[in-house]
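Single-letter residue listing:
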Amino acid sequence: QKEVEQDPGPLSVPEGAIVSLNCTYSNSAFQYFMWYRQYSRKGPELLMYTYSSGNKEDGRFTAQVDKSSKYISLFIRDSQPSDSATYLCAMSASSASKIIFGSGTRLSIRP
Amino acid sequence: KAGVTQTPRYLIKTRGQQVTLSCSPISGHRSVSWYQQTPGQGLQFLFEYFSETQRNKGNFPGRFSGRQFSNSRSEMNVSTLELGDSALYLCASSVGLAGGPNEQFFGPGTRLTVL
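Same order as they appear, the protein sequences are chains A and B.
Read in our numbering, the first sequence has 111 at position 111, and its numbers run on one by one without any break.
Read in our numbering, the second sequence has 187 at position 76, and its numbers run on one by one without any break.
Bound-form chain A, shown alone:
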């Protein structure tokens, strides 16, 4: 079993919809949680960074961490075609530990 599980998709939604992306994990020691966006043939770009449980909002993006369920989510409101990309979740136990990435979810926003 992988330490981090992420549905690879593809996920296709109409423009303006709310998108929910999720990851589950098995290592209860994880405390740092990140979401990255990767466009085709580019390096991943950090979107959201959270420590421990709770919610964090940045513009149209909201990250949620539920450590009791070992489940993290990224919500995208008012989705735009420019949000079409692969989204990777990532997490680590400490700032000195290696970061474990999910396999990525391919998202397509239809105009």
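In short, the hints are calculated from the structure, not lab data.
Glycine is no exception: its CB is placed at the ideal position from the N, C-alpha and C atoms.
Derived BS3-like pairs (lysine-lysine); straight-line CA-CA distance at most 25 Å: (1) A/K70 x A/K56; (2) A/K70 x A/K2; (3) A/K42 x B/K168; (4) A/K98 x A/K67; (5) A/K67 x A/K2; (6) A/K42 x B/K124; (7) A/K98 x A/K70; (8) A/K42 x A/K98; (9) A/K98 x A/K2; (10) A/K2 x B/K168; (11) A/K98 x A/K56; (12) B/K168 x A/K98.
A partial selection of chain A residues facing chain B, derived with a Cβ cut-off under 7 Å: (13) Y32; (14) G43; (15) P44; (16) A96; (17) S103.
Please build the complex by placing chain B on the supplied structure of chain A, with the hints as guidance.
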């Protein structure tokens, strides 16, 4: 502040050759991590260097090696290239201090093709 830079951006090599990739981290970042990304395997961790020492290591064979210089720049070397080494090689930098933030910022990658 300049981002993470990687050189070269594209490389074509043949089986059996060796290759060296370079990564310059964001100014002030002391940690550099290397990843291999392929369509089938996703993003796989190779190793991390912090203050010129390898701090974490993934599950890659010894053909994959790296080093970090005193200015935090890092190089990754792959010897005896195999067809399966064709991939996008990404490096990411972070502040890296224990107890501090560990967001990683990625470079654009080096696309390696092995023929």
